[in-house]
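Using the numbering used here, the letters of the sequence shown correspond one by one to residues 1 to 393.
Listed next, with one range per pair, are the computed distances between beta-carbon atoms:
no.	residue 1	residue 2	range
1	E314	W131	35 to 45 Å
2	P90	E314	42 to 52 Å
3	I128	E305	23 to 33 Å
4	V224	V118	49 to 59 Å
5	V244	K94	43 to 53 Å
6	V313	S228	25 to 35 Å
7	V194	L333	32 to 42 Å
8	D252	V313	30 to 40 Å
9	T171	T240	25 to 35 Å
10	H306	D188	37 to 47 Å
These aren't lab readings, by the way, just hints derived from the structure by calculation.
We put the beta carbon where it would ideally sit given N, CA and C, even for glycine.
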Amino acid sequence: MHTTGQSAVGRTTSPSRRQDPSIQALRGVAVILMVAGHVIGTRGHGLRVGDSSVWHYVYLSLVDIRMPLFTLISGYVYAMIPISRWRDYPQLIKGKSRRLLFPLLTVGTVLYVVKRVVPGLNTDVHDIALWRVYVFQFEYLWFLQSLFLIFLVVGILDSLGILATRAGWATVMAVSTVAFVIIDVPGDVDVFTVSRALRLLPFFLLGYGMRRHRMFDLSGAAAVVTVSAFAGVYAVRMLTIFDVYHPNELADKAIAVGVGATALVLIYSSRHVLNARPLAWIGGFSFGIYLLHVFATASTQRVLEHLGLHGDVELFALCLLAGIAAPIAFELLFRNVWLVRTFVLGERRPRKAKPARPSGCTDNGNSNGAISGAADNPAPGRGAGRSVVTPKD
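Kindly produce the complete structure, drawing on both the sequences and the hints.
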């Protein structure tokens, strides 16, 4: 495991904006897995495959990995410049409100209206009041609510300096994991999908630790041990998927954490193998893909089925392609329209061009906002940066 030096009190070196380029490729992997999962769907959704279908088993086999990977990247990127003072907390919340809540309102409203007026869609929303879209879980947009709650909590912890040491980070990591396993949130009080915030917080913190405390970049014996641990816990998960083992709720949650944590550590440790330019390019559009992919996949599937194409393989491939390509095209065409940029993509309006700088000066700009969270985190002594994030499993 590669680590950085620490002082006597256990504080790691200050984080910087410099980003591992392979993280952008991991965003690409994460968003492809997410779109693929939504294209397959479950009974009555997506391809409408049966419970005994291979597609269904593929979908279930990745449930513990898809959204945790998105969340891990969010924690990793936020940890590039975490806030460190209470006076920075309001700016963090302001930035995350724009980045997460503006798209929730805009995309949530459009999705709700489309589902009400277009016949034959997978989900009937006629019995759902519009206000519930913004307060409770609605389709895949629950992730925006849960991630916002995570930023509220992590921002407070960083303002108190609790996560600045490995000991503090480990304590919070342990508490958050236990909280997810033992706390059951009833659906009628699951405001802002707090249940899924509890589920994803450990993975956000895992990504945070990877970046800020230089942890879990495994090789050698440590990697072998982690592979063995993943194989063991994943075998148990497969027993549950194939209806051989029926754990209680606490055990099932513990399995989910075990599968997710070991898988993500291995994926992170292998990130340089996955560092392909096409994946990194797709990763740069990951937030837009997350927000808009369902409009492309659903419409593509309806058109193809109307044309007589019903093969699962063909539908999957073409809908996956549409779910990735259409949001990218939309963003390339409209991201400079400030209404779209602000209220759909959750980004700041472009700043006015700065005067040319002398040769040799560099601008500490931010990476493309996608599914993460570094932006909108005020660096110590500076203004806020730009934001980034990541969606149903």
